[in-house]
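Q: Work the whole structure out from these sequences, hints included.
Protein chains: 4
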Amino acid sequence: MAQHQGSAKADRVARRRAEILRAAVQLFQEDGYHATTTHAVAERAGISVGLIYQYFGNKEDLLRAAIVDILGEFRDRIPAAMSQAGDDPEARIRRGFRTLVEVIDGKPEATVLSYRESMTLAREGRDELKRLEVETAEPFRQAIEDGISSDDFRAVDADLVVHNLLLVAHGWALKRWRLSGWLDLDAYVERELDLLLRALRP
Amino acid sequence: MAQHQGSAKADRVARRRAEILRAAVQLFQEDGYHATTTHAVAERAGISVGLIYQYFGNKEDLLRAAIVDILGEFRDRIPAAMSQAGDDPEARIRRGFRTLVEVIDGKPEATVLSYRESMTLAREGRDELKRLEVETAEPFRQAIEDGISSDDFRAVDADLVVHNLLLVAHGWALKRWRLSGWLDLDAYVERELDLLLRALRP
Amino acid sequence: MAQHQGSAKADRVARRRAEILRAAVQLFQEDGYHATTTHAVAERAGISVGLIYQYFGNKEDLLRAAIVDILGEFRDRIPAAMSQAGDDPEARIRRGFRTLVEVIDGKPEATVLSYRESMTLAREGRDELKRLEVETAEPFRQAIEDGISSDDFRAVDADLVVHNLLLVAHGWALKRWRLSGWLDLDAYVERELDLLLRALRP
Amino acid sequence: MAQHQGSAKADRVARRRAEILRAAVQLFQEDGYHATTTHAVAERAGISVGLIYQYFGNKEDLLRAAIVDILGEFRDRIPAAMSQAGDDPEARIRRGFRTLVEVIDGKPEATVLSYRESMTLAREGRDELKRLEVETAEPFRQAIEDGISSDDFRAVDADLVVHNLLLVAHGWALKRWRLSGWLDLDAYVERELDLLLRALRP
DNA sequence: CATGAATGAGGCTTCATTCAT
DNA sequence: CATGAATGAAGCCTCATTCAT
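Protein sequence lines, in the order shown, are assigned to chains A, B, C and D.
Taking the working numbering, the leading residue of the first sequence gets 3, the next gets one more, and so forth.
Taking the working numbering, the leading residue of the second sequence gets 3, the next gets one more, and so forth.
Taking the working numbering, the leading residue of the third sequence gets 3, the next gets one more, and so forth.
Taking the working numbering, the leading residue of the fourth sequence gets 3, the next gets one more, and so forth.
Calculated from the structure, these hints are not laboratory results.
Mixed in with the good hints, there may be bad ones.
Pairs involving identical chains hold if they fit within one copy or between any two copies, as the list cannot separate such chains.
[Stated by the list, open to error] In silico DSS-like links for lysine-lysine, alpha-carbon gap of 30 Å or less:
| hint | residue 1 | residue 2 |
| --- | --- | --- |
| 1 | K177 | K132 |
| 2 | K11 | K109 |
| 3 | K11 | K132 |
| 4 | K177 | K11 |
| 5 | K109 | K177 |
| 6 | K61 | K177 |
| 7 | K132 | K109 |
A: The following block contains the structure:
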């Protein structure tokens with residue numbers, strides 16, 4: 003029973019945290035981090051200001067949590083998706099890129115946030131972001147290196163291609179207001195992959 | 003003589019404005035727009051706070067001016083550089099892209115600023131930015147369309163390629179802290195152009 | 003049996019109250035009244051915040067109780083000690099002063115508290131303190147008056163001497179950090195009594 | 003002229019600081035440090051809140067300044083007064099004690115403050131207070147040592163006598179509400195000196 | 001009895017902006 | 001033109017207190 007209580011409580015705590023975080027991410031995206039007041043977050047989440055501070059240390063903590071949230075999802079989903087795609091480097095890249103854009107499409111606000119406000123964080127927070135970013139990039143780098151080894155790809159600069167690949171994926175969130183006028187997610191993914199892979203093939 | 007006075011005065015005014023703007027851009031980049039105080043800008047520029055308000059309406063005006071400044075440079079230099087490159091679509095793109103990255107490299111702070119803080123601006127300011135961005139993109143789009151017409155390029159989505167091209171150019175500023183570890187500007191430009199043009203060729 | 007239950011219950015209540023009060027006095031002394039949070043008191047006492055409010059009306063009540071606690075001990079122990087010392091005014095003063103310093107030494111925090119924070123209390127609370135202070139002073143005043151009547155002492159201002167006597171006793175708590183470097187309680191009591199009584203003798 | 007401007011400006015700055023400090027000391031004394039709001043200080047000083055922070059780092063700084071102010075006056079006036087009193091140890095002590103009580107009488111609030119709130123200060127501030135207190139005590143200690151050497155006084159513990167002397171002087175501020183009912187400053191000083199010196203004489 | 005999540009008033013502090021000199 | 005002292009609105013955060021469980 004103590005166990006039940008414990009997990010019930012842990013659940014409630016997790017749910018509250020998520021509620022607050024959701025409200026914060028929404029407002030950060032709508033108005034920007036600095037223009038968002040803690041009172042606004044509380045109101046959006048349907049709670050009182052004070053409660054925010056029982057789940058997050060301070061406002062910056064909320065920002066860090068918001069950004070870490072999406073980067074964490076990258077780190078968790080990208081490698082999983084890519085390894086499910088088998089051994090073929092091209093297939094792995096296709097699968098990984100699509101997943102990346104899909105995750106970004108699910109939380110475009112948070113993606114933009116991580117571009118816009120990461121400098122707002124103190125060093126400690128920024129270091130955490132860099133680490134997560136590198137972890138996300140790694141499986142892509144690996145697939146490209148594999149493709150080069152197997153002569154599926156030209157001898158390109160793998161790091162640079164990964165840099166482009168991430169840039170283009172983030173571009174879906176950064177410029178969605180313009181792109182979505184004439185492309186949907188599927189078209190964006192396919193056309194970008196077409197361009198990308200053409201540049202890699204021998 | 004009135005003219006001389008007038009232009010001397012106009013010069014002084016322009017110089018002062020530029021000094022203030024330079025200080026502001028530096029600090030906006032170092033600490034972010036919101037963390038930068040008007041007092042800090044004044045101090046960096048070696049003037050008093052009050053004087054800022056004789057050259058700029060308010061703090062947001064300073065931000066807009068900072069961003070417009072670099073976007074204006076894009077608009078002025080890109081078309082000029084591209085038209086100097088002759089008629090060949092590939093040569094025009096090469097020349098335009100290189101110029102773009104060079105301008106960005108000259109004021110990386112301002113570029114990052116325009117990504118980070120453009121949402122901070124009120125609608126009026128944001129509209130101005132969009133206009134400038136479109137103007138910058140146009141010559142690239144034209145070169146690609148020309149290349150497609152002349153069968154130098156495949157029938158790609160020109161808007162998408164321009165989107166990528168700008169994204170990658172901005173990437174030089176956004177991720178310079180990482181890229182500069184292994185690439186200099188020349189190498190970045192050449193390798194990116196190599197990837198880009200390969201994807202365009204039939 | 004109802005009685006047994008009642009007193010057992012009363013005991014438990016009294017013990018809890020004392021536990022909370024002890025935690026509060028410790029923290030009030032360590033950090034000051036205002037810097038001490040009710041949560042900290044609860045934690046130190048090993049209970050929940052809510053429980054504090056079942057034993058004390060509010061935080062100020064806790065402060066009043068803490069101060070009253072020590073002043074009450076003065077009022078209880080000083081007269082008792084002095085009357086045990088017989089009729090000789092000097093002996094009574096010696097005995098009373100020593101007891102006073104001993105009680106203070108036992109709860110120096112609370113003594114300092116009553117100096118530092120008594121003004122924090124509302125009028126009602128402060129009046130209670132004044133009453134207790136006067137009650138503590140009275141037996142000393144009486145002994146001095148008796149000494150003057152019996153020509154053991156000069157015709158000094160009894161109230162002033164009591165004022166000094168209390169001041170010096172409190173000084174043991176107020177400046178203990180300095181005094182304890184070179185004096186122990188016994189030496190302090192003896193030397194102070196020596197000075198005090200010399201000033202009283204004809 | 004630059005000099006005139008400079009000193010005029012320095013004067014204005016000093017005057018403002020003093021005005022704010024005066025308002026703060028008044029309110030700290032009336033309501034206690036913690037119950038005094040920065041807005042109340044501003045209102046009492048007839049200025050805006052923001053201005054406080056151009057003259058003092060923060061609220062605690064204001065408290066420290068208030069306490070240092072009076073302790074600084076002790077340090078400046080006591081030695082001066084005592085050295086003017088000539089060589090006789092008793093005369094020096096008389097003169098010093100009287101000056102001490104007079105200074106205290108001039109700013110009783112600040113004296114009480116230094117007792118009540120010194121613990122509120124961070125270590126740095128407290129260390130400064132201790133230093134000032136020791137400097138104030140020193141001339142008294144010297145006079146007593148001299149008196150002992152010249153056989154004017156018994157071989158008492160000089161540090162202890164200084165401790166008492168300061169305690170009794172502070173007592174004028176701490177218990178003024180009671181003492182002033184029957185004694186004026188002159189009477190207090192004379193009677194206390196009578197008691198004190200009697201205890202010292204052989 | 002006991003808990004501790006939740007509340008929300010209120011405090012300290014910052015900083016863009018103004019204006020008298 | 002230029003200064004910088006002064007303003008005051010507004011934000012972040014704390015913490016005493018309550019109440020449903």
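Q: Compare the structure with each hint and give your call.
A: Hint-by-hint comparison with the structure:
1. K177 - K132: Both: 23 Å inside a chain and 11 Å across chains, each within 30 Å.
2. K11 - K109: Result: close within a single copy only, 27 Å intra versus 41 Å inter.
3. K11 - K132: Neither: 32 Å inside a chain and 48 Å across chains, both beyond 30 Å.
4. K177 - K11: neither (41 Å within a copy, 42 Å between copies)
5. K109 - K177: both (14 Å within a copy, 22 Å between copies)
6. K61 - K177: both (27 Å within a copy, 26 Å between copies)
7. K132 - K109: both (19 Å within a copy, 23 Å between copies)
In summary, the numbered hints that this structure violates are 3, 4.
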